[in-house]
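Once you've looked at the hints, dock chain V against the given chain R.
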Amino acid sequence: MMRRILRPVVVAAGDRTPSSGAAVLAPPAPIRVALRPRRSLRSRRARLLLHCAVSLIMVVWIVPTIGLLVSSFRPSSELSRSGWWTALAPPFHFTMSNYENVLSQQGMGRAFVNSLFIAIPATVIPLFVAAFAAYAFSWMEFPGRDLLFVVVVGLLVVPLQTTLIPILKIFADWGLTGKFLAVWLAHTGYGLPFAVYLLRNFIGSLPRSVFESAFIDGASHVTAFFRLAVPMSVPAFAALAIFQFLFVWNDLLVALIYIGLSNSQNLPMTAAIANLVNSLGGGWYLLSAAAFLSMALPLVVFFALQRYFVRGIVGGAVKG
Amino acid sequence: MAVVLSRRRGSRGLRRGWLVGVAATGVLIAACGSGGGGSSGGTPTGQASGGASGGSSGGENLKGQTVTVIGTWGGDEEKAFLQMVKPWEDQTGAKVQYTGTRDINTVLTTGVASGVLPDLAGLPGPGQMAEYVAAGRLKPLDDVLDIAKYKQETAPALVKLGEVNGKTYGVFIKAAIKGLIWYNPHQHDYSSAPPKTWDELMSQAKANQGNAKAIWCLGLESGAASGWPGTDWIEDLVLRTAGPDVYTQWYEGKIKWTDPRIKKAFQIYMNDVVAHTYGGGKTAVATNFGNAGDPLFANPPGCEFLHQASFITGFSQFKTHQAGTDYNFFPFPDIDPQFAGAVEGAGDLFGMFHDTPAAKSLMRYLVTAKAQDIWVKIGGALSANKNATDYPDEISKRSAEILHNAKIFVFDASDLMPTAMNDAFWKAMVALTNGSQSLDQALSSLDKVQQDAYQSS
Chain R
0 MMRRILRPVV
10 VAAGDRTPSS
20 GAAVLAPPAP
30 IRVALRPRRS
40 LRSRRARLLL
50 HCAVSLIMVV
60 WIVPTIGLLV
70 SSFRPSSELS
80 RSGWWTALAP
90 PFHFTMSNYE
100 NVLSQQGMGR
110 AFVNSLFIAI
120 PATVIPLFVA
130 AFAAYAFSWM
140 EFPGRDLLFV
150 VVVGLLVVPL
160 QTTLIPILKI
170 FADWGLTGKF
180 LAVWLAHTGY
190 GLPFAVYLLR
200 NFIGSLPRSV
210 FESAFIDGAS
220 HVTAFFRLAV
230 PMSVPAFAAL
240 AIFQFLFVWN
250 DLLVALIYIG
260 LSNSQNLPMT
270 AAIANLVNSL
280 GGGWYLLSAA
290 AFLSMALPLV
300 VFFALQRYFV
310 RGIVGGAVKG
Chain V
0 MAVVLSRRRG
10 SRGLRRGWLV
20 GVAATGVLIA
30 ACGSGGGGSS
40 GGTPTGQASG
50 GASGGSSGGE
60 NLKGQTVTVI
70 GTWGGDEEKA
80 FLQMVKPWED
90 QTGAKVQYTG
100 TRDINTVLTT
110 GVASGVLPDL
120 AGLPGPGQMA
130 EYVAAGRLKP
140 LDDVLDIAKY
150 KQETAPALVK
160 LGEVNGKTYG
170 VFIKAAIKGL
180 IWYNPHQHDY
190 SSAPPKTWDE
200 LMSQAKANQG
210 NAKAIWCLGL
220 ESGAASGWPG
230 TDWIEDLVLR
240 TAGPDVYTQW
250 YEGKIKWTDP
260 RIKKAFQIYM
270 NDVVAHTYGG
280 GKTAVATNFG
290 NAGDPLFANP
300 PGCEFLHQAS
310 FITGFSQFKT
320 HQAGTDYNFF
330 PFPDIDPQFA
340 GAVEGAGDLF
350 GMFHDTPAAK
360 SLMRYLVTAK
370 AQDIWVKIGG
380 ALSANKNATD
390 YPDEISKRSA
400 EILHNAKIFV
410 FDASDLMPTA
420 MNDAFWKAMV
430 ALTNGSQSLD
440 QALSSLDKVQ
450 QDAYQSS
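Listed in order, the protein sequences are those of chains R and V.
Here numbering that gives the first Met the number 0 is used: the first residue of the first sequence is 0, the next is one more, and so on.
Here numbering that gives the first Met the number 0 is used: the first residue of the second sequence is 0, the next is one more, and so on.
I should point out that these hints are in silico values taken from the structure, not numbers from a laboratory.
As the structure is a prediction and not an experimental result, all values here were calculated from the model.
For every residue, glycine included, the Cβ atom is placed at its ideal position computed from N, Cα and C.
With a cut-off of at most 30 Å between alpha-carbon atoms, the simulated DSS-like pairs for lysine-lysine come out as follows:
1) V:LYS369 to V:LYS406
2) V:LYS396 to V:LYS85
3) V:LYS166 to R:LYS168
4) R:LYS168 to V:LYS138
5) V:LYS94 to R:LYS168
6) V:LYS150 to V:LYS138
7) V:LYS138 to V:LYS94
Cβ pair distances, simulated, as ranges:
8) R:GLY82 to V:LEU438: 27 to 37 Å
9) V:LYS85 to R:ALA52: 53 to 63 Å
10) V:LEU438 to R:ARG306: 53 to 63 Å
Facing chain R, from chain V, some residues (calculated, C-beta under 8 Å):
11) THR67
12) GLU77
13) TYR97
14) VAL115
15) PHE314
16) SER315
Same shape as in the complex, but just chain R:
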């Protein structure tokens, strides 16, 4: 799906396990003992290579961000004259004026609060709905279950842009345009297919025996959901929460259409940031500072939840 850019998750693999072919050709035991120090040396070398590769990827990944960070502290006159790396050598010309300028913009504080008002419910609601749906798709049997699941997941291929006009019409009939509820509902709808897909894979891969024994003991589906499925799926919830939160936090289009057309007071931070630049592109030097300010909160969310993140994604992908 277009709107979700899945970053590759680099998982550090452990030592290479010997293949079965190597086992057949394995030398007799005494020699193996003699070889052990050399072998561990080789594995250490492999590990070193791996670390180098991972560090290299990390550097490549992080350099643009560092460039952005350095640029955000440079005065605008320098920015257009030389590359950001030149700022790292003396004479140092750094300034806080870009940040001051962004922070002093009228309405920036309110936009930040609006962003929170939008992003938190728009993360929690789809999480709830998707968890119920994922449980139903995994452990409840009803006619047309698989078909329904395929249809829901199939909605992943629908670009959200095609839905703007019909949904805006509905919201207008319901009198929701310009209200937070409109964006919550919209983001819930846009987020659900992926959320259901991810959680179904995770919840569906939980051990069958756990649920069966619970049902034998007379547990209802509600009990099984709240007592078993939810506690065991916390990593998947965390991973999904990060995705959904980042998507909503960074969204400009949905907010602009459902809120911006009728009530600019409720617009999120993305809109305020985009509007730092005038119609001819003047004022672009403020964007790097603004980007860092808007990144701050998602970074906190990510670091707070990151230990679940890899587990959740890998759990969803490998099992099920």
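Same frame as chain R, but now just chain V:
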């Protein structure tokens, strides 16, 4: 037996499913309930638009009413606009709620299709304005404005661009003059005897080059719209070599790009401009248009001239230098004498979607010279209104005079082309300037785009 089992399981599943469904709906309703309360609490002014007609009528007391406005203006422009409407707010007691977005085309097209629209909006261009009128969303302004006064105060070409089927739907509350040639008087002062023809310009440029590295400064980079400064070049050249009639037929898609009259403009651009550009074509493509003029102020100077619209004074080093002493301009010289005095301009159209009393009142206010003077005084903009004269410096005053006294005035051609054509034009300018396409290649591919682009509109 298997059938019985599955039926039993099925019914149990269904019952439980129903239960879970109820639980889910409950959560959703709870969320919605709190949501509704939260949002209505947070937006005391959200409801005012649209239903505002119940207030006072006729008089100018519009207390408590709100006018929602969407425009492309952001940053300093947004501040200038809000400053401009401040006296109106103080006087009437109404409020302006402004949303700025550069995706105005997307937002308004979606709004027009679904019926959710702001009261007033900056329109992307005359083409879109006609579409919105055809969709029945834009309201005519003939009864709202003092139309006779408006027509008398505004350049006729701009008045005409705001009309659809003889009615006025759009007004220009901000304008710009394109095709000014900027220079640094410390290098050579052209103010007493500016070049009158293109040949004169080129020969004087070569004679006065001194230690300047090149004749022209050029910068085409502008994000997704990269290439537009190049289209301005071609437009200026077409207008002065082939005249306004060919110019009009060209943007209307009635003349091919490979037509010798159009091709000639491209040839002048390639031979006289790109070949004499500071840093060469590849540098020009990578240079932001706003910074393109910086080499003018360097020592030794990088170039002698920058071709750019009147709004360049709000950018980069123009901002930090003194108008008149550190930089100055002369109008684009004539090429074919029969089209002498032709000028190209651009501007921001403004229209009305809801005719609430407050929206009408604001619209009336915005076109007045008094309101326009506020923005004009802040700088970086010209007024379409002749009587707005509060320009901060000699340079803007002179550009405004050119705007109002032009014998032949045309609007930016690329802005009048269909979107697909405009995009292709921008891209072609980038490809031509950095040398990745030959002139014949570029023109014939523009011809291909032209065949399709005009059919849908």
